[in-house]
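Asks: The task is simple: from the sequences and hints, build the whole structure.
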Amino acid sequence: MERDRETIGLTPETQAMLANIEERGWFMEGQDIARFCLAYAIRAKVPEGTTPDTETRWAAGNFDKTGEIRALLAALYPACKTPVRLMEHLVNEGLRLVAARVASSSVGPAELMD
Amino acid sequence: MLQLKRLEVQGFGPFADPQVINFPTSPGVTVIYGENMRGKTSLLNAIRYAFFGTVLGRGSRPRRLHTISNRDLAAEGRFGFTVTLEFNYDGQEYELVRECRPRVATPTCDQDYAQDVMLRRGVSALGPQERERALQMIFPSEVSRFFLFDGELLQEYEELLINESSTGRRISEAIERILGLPILKRGRAHLTQLFEEADRQAAKEASRHQETQALGTALEQVTEQKEAHRKELTRLQNQLEDLNDQKAEVEQRLQSQQKYASILENLDAARARLEAANGEMGSVRGELQRAMADAWRSLLRESVRAAREAAQRDVKGQLNALVLSLRQEAIADGHCKTCDQDLSQEVRQRLKTTVSADVAKTVEETFGVSGAMSRLADLSKFQEMDNSGEVRQLFRRLRALEMETVTLKDTIADLQADLAESNPEMLRSTKASYGEIIERISIVKRAIENEEKAIGEKDQSIQRLKRKLEAAGSPNLRATQVRAKMLRDAAEVFSSAIERYKSDLRVRVEATASRLFRLMTTEKQDYDCLTINEGYGLTIRHRDGRAEDARSAGAEHVVALALMGALQHNAPLRGPIVMDSPFGRLDEEHTSNVIRTLPEMAEQVVLLVYEAEVGKARMRDLLGSRLLREYQLDRISSRRTSVREIK
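Chains A and B are the protein sequences, given in the same order. The first sequence begins at 81 in our numbering and counts up by one. The second sequence begins at 111 in our numbering and counts up by one.
Straight-line Cα separation of at most 20 Å, DMTMM-like style, residue types lysine to aspartate or glutamate; simulated pairs:
hint: 1; chain 1: B; residue 1: K576; chain 2: B; residue 2: E315
hint: 2; chain 1: B; residue 1: K612; chain 2: B; residue 2: E283
hint: 3; chain 1: A; residue 1: K125; chain 2: B; residue 2: E494
hint: 4; chain 1: A; residue 1: K145; chain 2: B; residue 2: D404
hint: 5; chain 1: B; residue 1: K726; chain 2: B; residue 2: E740
hint: 6; chain 1: A; residue 1: K125; chain 2: B; residue 2: E412
hint: 7; chain 1: A; residue 1: K145; chain 2: B; residue 2: E494
hint: 8; chain 1: B; residue 1: K595; chain 2: B; residue 2: E306
hint: 9; chain 1: B; residue 1: K576; chain 2: B; residue 2: D599
hint: 10; chain 1: A; residue 1: K125; chain 2: B; residue 2: E419
hint: 11; chain 1: B; residue 1: K357; chain 2: B; residue 2: E549
hint: 12; chain 1: B; residue 1: K634; chain 2: B; residue 2: E710
hint: 13; chain 1: B; residue 1: K595; chain 2: B; residue 2: E330
hint: 14; chain 1: B; residue 1: K726; chain 2: B; residue 2: D744
hint: 15; chain 1: B; residue 1: K563; chain 2: B; residue 2: E334
hint: 16; chain 1: B; residue 1: K634; chain 2: B; residue 2: E666
hint: 17; chain 1: B; residue 1: K491; chain 2: A; residue 2: E148
hint: 18; chain 1: B; residue 1: K576; chain 2: B; residue 2: E337
These are computed hints drawn from the structure, not numbers from a lab.
Replies: In structure tokens:
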């Protein structure tokens with residue numbers, strides 16, 4: 081059985097995307113961006129998967145202090161056996177989606193939430 | 111009377127080589143024609159420089175002497191200039207030479223120059239002290255404005271109609287100076303000093319005798335107190351005068367920097383708004399960041415709601431299936447495990463009809479509620495929220511603030527560029543010191559009122575004590591009292607004389623000014639005369655007796671010229687009038703009237719004009735035989751002018 085991880089990481093590509101979003105000053109810290117992107121990916125119905133070649137950024141326990149995200153993933157992705165890896169995947173995929181949208185100057189945080 | 115005879119300039123302004131103007135001494139007008147930049151104002155300034163060692167620029171501000179040297183000569187390394195002025199004063203011939211020479215090879219500022227002055231009376235040169243005394247008597251700088259002036263200076267005379275105007279106050283003082291009032295005022299001040307001294311002696315005398323000792327001591331004390339108040343009053347009056355001078359200086363500075371002051375005001379406002387906008391932006395961004403920390407929940411709200419509904423449906427279906435399976439079991443076993451009771455045949459038959467074989471099969475396959483239940487339990491942990499409206503509002507505000515700051519930064523950059531040639535710090539300090547001066551003036555004025563009141567009270571006490579002493583005094587005391595009274599009466603005579611003289615002068619100045627005004631105005635059928643106020647301001651009086659409040663710029667000029675002529679006629683100190691381009695605000699008819707009236711204004715008039723103001727033919731026609739001599743300022747190059755007499 082595949083073992084889950086304890087940390088969440090980003091690929092060099094998504095790391096740059098995160099930095100780009102961070103510069104806009106809409107979020108207080110990187111974790112807030114990552115959580116937002118994870119939610120964005122879930123809403124976009126990104127399927128279960130994993131992202132290879134990531135570099136650790138956050139501890140999963142800190143990333144999801146209330147356990148809400150883990151519970152949510154268990155409910156929405158019931159077949160998933162490695163929720164942290166899924167979190168990581170959704171964060172990376174979400175970053176790609178969000179970065180693509182905010183490349184247009186007319187898209188702000190409110191537009192991302194529509 | 112002062113009469114100019116000859117002016118020679120060398121190295122002064124555009125006059126590189128020595129240039130000479132000979133002024134006719136018979137009564138009439140000398141006209142010097144010259145286009146712009148040819149040196150008309152420089153000639154006026156050359157006369158001013160000869161007498162006072164100063165040169166004035168725009169706004170009557172002193173010009174740096176270093177900038178006066180002829181630029182062509184300066185380019186060759188030859189700096190400095192000389193002005194020689196010959197004149198008559200009260201039947202004696204004078205020659206005044208003032209030279210400004212460089213102390214260093216390449217001077218860069220006024221400190222790099224030295225000034226040499228020589229005044230010759232008849233055949234003998236005067237020593238420095240005698241020279242200064244003589245020059246002060248012949249042509250005091252305080253009254254130069256009535257002899258050497260341009261259109262700009264004429265405008266200042268409007269200030270005489272404004273009571274609180276410091277410029278008006280300065281001009282009024284200068285008018286009294288030219289009319290000879292200071293001699294009488296000094297006499298009054300001296301006599302006042304003497305009678306007060308006599309009063310003190312009388313008090314001392316009284317305090318020596320037993321019968322008048324108490325009264326004498328009291329009088330001495332009150333006199334000392336009054337003296338202390340008077341000293342304080344003098345100090346305050348001097349302070350007020352200083353403050354008024356400072357106020358005038360700051361006002362002039364503010365006026366000359368009006369344009370910059372308004373730019374600076376806008377710049378300060380833009381900077382303040384930028385700072386406020388940046389502050390607000392920081393706070394809005396903070397609120398947005400806090401909102402965005404929870405925004406992921408808003409994003410998932412709909413997805414979670416849909417998943418929750420699906421899970422609830424699953425749980426319900428699975429519960430139904432469980433109930434059916436329990437029924438099926440009971441039918442098969444004849445015993446209900448839920449309520450632990452055996453079922454009768456009748457009940458088993460009834461239950462059989464409610465459970466079809468297909469349903470039983472489905473139940474077999476999907477049995478177990480734990481999956482859907484645990485999904486529902488997981489989803490219920492999610493804290494549902496929707497802050498998208500808040501995020502939208504905050505982000506919109508942030509965008510608006512960002513736009514505003516960009517615009518403000520642009521505005522600030524533009525304003526800073528406009529201010530590049532000014533000194534913003536000086537402007538700010540000028541405005542600040544103006545406010546401070548106004549406040550100090552009002553404090554000092556209040557203090558003066560208090561001191562005057564206190565002096566009045568002390569005076570009453572002194573008079574009371576003196577009356578008592580007169581009744582009880584010794585012969586010696588009476589003698590000192592008589593002396594004090596005589597001196598007081600003499601001072602009062604001077605006071606009355608000053609008022610009488612001022613009043614007579616005003617009547618005479620008003621009459622002469624009215625006569626000159628009627629000669630110069632184009633509204634002869636409507637305007638009757640000029641009336642003079644306490645500060646020598648002149649008001650135009652209509653034939654219907656009313657004052658003409660709305661005076662045009664041209665009318666102001668004519669009134670100012672009438673005042674100049676009237677002062678010349680009524681002052682003990684008389685001299686030439688040298689006017690530089692005074693017709694700028696006058697129409698053709700006014701200009702003609704003024705030119706015709708010039709010989710009436712002073713015995714010797716020197717007029718500096720450019721031909722577009724008045725052409726030669728017109729000038730000759732208007733002045734006729736009273737046009738004594740004409741000069742032309744000819745251009746040699748942009749930096750050189752020569753003076754040619756027109757034959």
